[in-house]
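Enquirer: Given the coordinates of chain U, assemble chain Z onto it according to the supplied hints.
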Amino acid sequence: MIDPLFLEGIIKILFVFVLISAGLIISTRNLSSVLTTYTIQSFLLAAVSFLLYLIDGKSQLLLLAGLTLASKVILIPYFISRIEEKIKIGRDLHFAYLEPTPSLLLSIGLILLSYTFLSKVFEGLPLTKLFFFGAVIGLSLTLMGMLVMFSRKKVVTKALGYLSMENGVLMFGLFVTELPFIIEVLIIIDLVILVMLTTILAVGMDSSIEEYRQKFRKLQVWTGVESQ
Amino acid sequence: MLEVLMYGAIAALISGTVLPLLYRSKNTRKASFGLSLISSVLLLGFAGAILYTGKEPVFPAIRYLPGLDFTLAADRLAAGFILLIAAVVPGVSIYSIEYVEHAKSEARKNLQAALTNLFILAMLMVVLAGNMVGFLIFWEIMSLSSLLLVLHDYSSEENKKAGFFYFVMTNISTAFLFLGFIILFRLTGSAEFGPLEYSASELALPFLFLFIGFGVKAGLVPFHKWLPYAHPAAPSSVSALMSGVMLKVAVYGFLRFLLSVSTPELWWGVLIITAGSLSALFGVIYALKENDIKRLLAYSSIENIGIIFTGIGLYVIFRVEGLESLALLSLAGSCFHAFNHALFKSLLFLCAGSIVHATGTRKIEAFGGLVKSMPATSALFMVGSVSIAALPPTNGFAGELLLYQAFFQSFAVTNPLLTVFLIIALSSFALTGALAAALFVKLFGITCLAMPRSEKSSLAKEVPKHMLIGPAIPAALCILGGLFSKQLLSLAGWEIEFPDLLLLGLLLGLIYAALFLIIRSKETSPARISETWGCGIPTLAPYMEYSSAGFSEPLVMIFKNIYRTKIVHRAEYFDRQESLFRNGNVEIRLLRFFEEYLYIPPARAIESFSKYVSKLQNGKLDSYVLYAFLAVIVLIIATGGFV
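The listed protein sequences correspond, in order, to chains U and Z. Residues in the first sequence are numbered from 0 upward in steps of one, following numbering that gives the first Met the number 0. Residues in the second sequence are numbered from 0 upward in steps of one, following numbering that gives the first Met the number 0.
Hints may contain errors.
BS3-like mimics (lysine-lysine), calculated; alpha carbons at most 27 Å apart, straight line [stated by the list, open to error]:
no., chain 1, residue 1, chain 2, residue 2
1, U, K152, Z, K619
2, Z, K54, Z, K103
3, U, K152, Z, K614
None of these hints come from the bench; they were simulated from the model.
One chain only, chain U, in its complex shape (with noise of 0.2 Å):
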């Protein structure tokens, strides 16, 4: 059995890692290097996943690392390079409201604005601080993937920010809400997001929102009268 004590150190040091990977993916410019970032980012949550399981002994967590392992490690990163393959476009240049530097100093807000709100929420609860902490590092990913989805303009890095957001809600769940419960939901979440990408897929993935609906009209999929 190995020493939890040195489990924690592990866990700490990979919150780390999960922070630095949020902050690529908001600033990353090269499309294939977001998404080698998201996937280590679900890789480091598969990981604490597994060393928590070791902490604790409960079987759920073994299972939602390997649900991790495979849905967020292997099946999503592999659709999401096929279509980064299909397209000609590997970067997402533009953004919008936000330029990569302010919207990482704006996640250093996020990140206290969440320990402040959670050290309140949790005050008086019996909660060690790597539980705690966990619970920080889930809200601030959850609000760092919102980030992303409203600053960067390319579809594919909108879904891979919602995605990330996704992380952070499995971050905090982990670490703070009932879990069964949680593996369902997430179970879903995942397959509607397979499901959504692997729709989108065919048309239009290297574009902007605004473009994709153009090629929308052009194909008549919504609107068969408008494009005349």
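Expert: Only chain Z this time, still in chain U's reference frame:
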């Protein structure tokens, strides 16, 4: 027994609403109006019994949602206003049987019949509502059904504008009512209309909100502008209901609140009297200048609502001063005038409808000589005019006499400033009465007397019998209500010192008869029928007659400060620099003071604000996600207790 009458009336009105929607034919429309007639007879029994015996029936509450009871209640105040509804509806229903047939299509005819019944039902239920929830629900149904009736002839641009204006104003009214009722609900913790024993500062805000809310609906100056737009647009039978009953329902709501307050403040009364006097004065002054018969009657409604509110204000002041019997007198005067106005205004609107139908125009300048072509309608129209001008022995005289009595006894008020204020209010009240008399001399004279001023008027024919029987009912009630006013008031439980108009009426009749006989017997030579002397001009032409504008010219001169004119330029240019003139026009028209300074600026402000707000909705996904993000952040900050 009483409950049976009321449920019967409600059932009749509901079936009157549903029936014309099911099957389009003349018979269903007739049946529909017949049902509203039946309901009014039932209501007459119901309200009369409550007023006479003073026994108030109790109805079981229906709970449709937790915390939302639906209760019905009929106390003496409600019974008084139900009586008012029951008095106006028969005339309108009989009149409508024929009148509705002039609508453009079968569908519209049936819709008008159904909506009229729904409108009556909604007004009845507002008065019967036992709590605020029911009151507001039926208030909205009343507003919407009347809006649809105003928009009856929706194809014309003018009517669309009228409908929109009415819609906006009626919603403003409802919004203020909601605010007032919500504050009352928070104060009392229940939606019931119960006694309000709270300090004046706690009740000041609900009072103001309810005053504005009911004031907008009743048509008090400066919230009156929807009336002169809505009435010409609506069918005349609907105008009769709106002006006769709906405005009074607003008065009822206001009284319902005011009577439940145990300690009103002096400034409430001063505010109500000021608004009432201004409405009365402005209403009649604007009416004098008006050339559209229905718009003139709408302005006259504003005047009468002003008189009713003056009485309510007097009631508040006397109550604050501790003069209970005077307070009762003013309240009785106010309610009685509301009842009377419902009768003669519906009569006048119905007659106006007949005249407009016969001549095809609403312009007073185009009428004339109708007393020869439409003698029965003219006679009914005269009864209405005499009543509204408050000439004895009609009911208009009786109602205003009560208020004058209350005013005359206001020397009992100890506060000298208040006495001065009441004297000013009395003089403006008296001025209103005089101007109203002049107004209706003009209206009746120009419309019915002399020679026809236009071809349309000379071709006018008497209307069918239903359109005569309808207005004849309120006309008879106007005269009987005046003659038996003392008896009616004591039947309703108000033992007030009041002259017996029956005696006065008999005396007047005897004097007129005696004078007639004396002149007849003393005449030196038999009557000679010939043309009026025309200053040597061989034949008199209609254009030589006293015109509507000519009649009101002296009064217009006196009040010329109120009738300000405005010069409006409009020019179009070929180029952007505005140097090559294309065309344009300049008009001098009456300054629409309230519209241009009170209504349009806030409307513009709201418009520019909404333009600013609508920029938020820019169709970009990024922005929407940003809003969601900001909302989450705000939520975190708010729930985290940082604020």
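Enquirer: Please go over all the hints and tell whether each is borne out by the structure.
Expert: Hints, one by one, checked against the model:
1. Pair hint U/K152 plus Z/K619 holds up; C-alpha atoms about 11 Å apart against a cutoff of 27 Å.
2. Distance restraint check for Z/K54 and Z/K103: the Cα-Cα separation of roughly 47 Å exceeds the 27 Å cut-off, and the hinted pair is therefore not satisfied.
3. A C-alpha spacing of about 20 Å is found between U/K152 and Z/K614, which places the hinted pair at or below 27 Å, so the restraint holds.
Going through the hint list in order, the structure does not satisfy hint 2, though it satisfies all others.
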